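Asker: Input sequences plus hints: build the corresponding full structure.
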Amino acid sequence: MIERIRKLVAEFAGTNVDVGKLGDDGDLYRAGMTSHASVQLMLGLEEAFDIEFPEDLLTPDTFSSISAIAKALDGLGVGVAS
Amino acid sequence: MSETPSLLRRLIDAGLFIDTGAPGLYGRSGAFEDVIDRIDAAFVRAAGDDVTEVVRFPPGMNRGVFEKSGYLKSFPQLAGTVHAFCGAHGDHMELLEHLAAGEDWMAKQQPTEVVLTPAACYPLYPVVAARGPLAPEGGLFDLQSYCFRHEPSEDPARMQMFRMHEMVRLGDPDQVLAFRAQWLERGQALVASLELPFSLDLANDPFFGRGGKLMAAGQRAQQLKFELLVPIHSEEHPTACFSFNYHQDHFGLTWDLKTAAGEVAHTACVGIGLERVAIALFNQHGLNAADWPAGVRKALWG
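So the protein sequences, as listed, match chains A and B. Using the numbering used here, the letters of the first sequence map in sequence onto residues 1 to 82. Using the numbering used here, the letters of the second sequence map in sequence onto residues 83 to 384.
Hints are all accurate, no fakes.
When the alpha-carbon atoms are kept at most 25 angstroms apart in a straight line, the in silico DMTMM-like pairs for lysine to aspartate or glutamate are as follows:
| hint | chain 1 | residue 1 | chain 2 | residue 2 |
| --- | --- | --- | --- | --- |
| 1 | B | K295 | A | E55 |
| 2 | B | K295 | A | D56 |
| 3 | B | K295 | A | D61 |
| 4 | B | K307 | A | E55 |
| 5 | B | K295 | A | E11 |
By construction, these hints were calculated from the structure, which means they are not laboratory data. Please read these numbers as outputs of a predicted model, since none were measured by experiment.
Answerer: Pasting the structure below:
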């Protein structure tokens with residue numbers, strides 16, 4: 001799942017560092033992700049994993065790193081199998 | 083027992099507002115405009131010795147500039163576009179027939195190059211960017227414009243067309259944040275001089291949709307927006323009369339605005355809702371400005 005998230009981050013987050021070199025815990029906002037880009041990433045994740053983030057997860061923390069996203073997805077029942 | 087008339091009703095009955103039949107679109111009387119002028123002047127006086135460049139744009143802006151500004155990403159629900167008839171003779175006949183029959187006549191209306199200005203500062207950034215990098219001291223501009231937001235309401239403090247006076251600062255993050263901190267003080271001093279109850283609070287813009295929830299949470303987490311609130315129609319939901327906004331590098335990146343050092347410029351603005359402050363004054367001190375407390379009259383009329 002981490003690699004799938006990384007691919008989506010590369011596509012939508014608009015970071016100014018190579019996402020391939022960004023650690024799972026690397027701060028995406030610090031890496032240049034704008035708030036508008038974070039919305040694109042959120043929508044991209046929803047489409048790719050066929051989920052809808054509940055309102056209480058629509059915070060910067062949820063999308064702050066690859067591992068934070070993985071944790072949120074895990075909580076939504078998107079398991080490693082996907 | 084009859085209910086107390088709404089503030090809107092009282093403003094209309096007092097002749098301060100003129101009903102146009104469209105919610106949020108009002109005529110203003112001379113007495114109301116006098117108060118607006120005085121608030122406007124007090125806002126400029128609050129800038130003290132600041133050397134500002136005064137710029138005025140019409141209430142319609144270049145559609146291309148509007149599109150590039152990012153406004154539609156955040157507030158598509160508030161935007162107003164200007165359309166005009168672009169048909170031929172036959173289309174004109176058709177339009178008149180539809181109109182006479184009370185039918186939809188808008189089919190041949192096409193978007194023009196004009197969009198209604200959503201905030202006074204939006205037309206400024208590309209104009210400044212076209213001049214090249216900022217001076218070492220950055221830039222400081224004074225703008226005032228009628229603005230449009232599509233949010234029809236019976237709340238007189240939530241108009242569709244209203245005036246916003248803004249001071250806009252461009253520079254490095256330190257310059258821009260110092261400006262905002264200074265105006266947080268100035269705004270409070272100004273409203274205190276008008277003897278209005280107020281509070282200052284962290285705020286977020288009314289971003290659209292589910293993505294907007296994330297934007298709003300991010301804006302709050304980074305403390306990018308503060309509002310100076312005055313209770314008008316309710317104590318629990320006071321009305322924002324000033325906003326103090328730090329855009330970080332949003333407009334700098336959008337318009338390639340550079341500091342003298344060649345860095346991406348940061349920007350901030352302070353905006354006062356002129357009608358909102360006027361309405362707050364009429365609501366607080368009475369519908370006849372001649373009867374307002376001496377201190378308030380002195381602060382406005384000197």
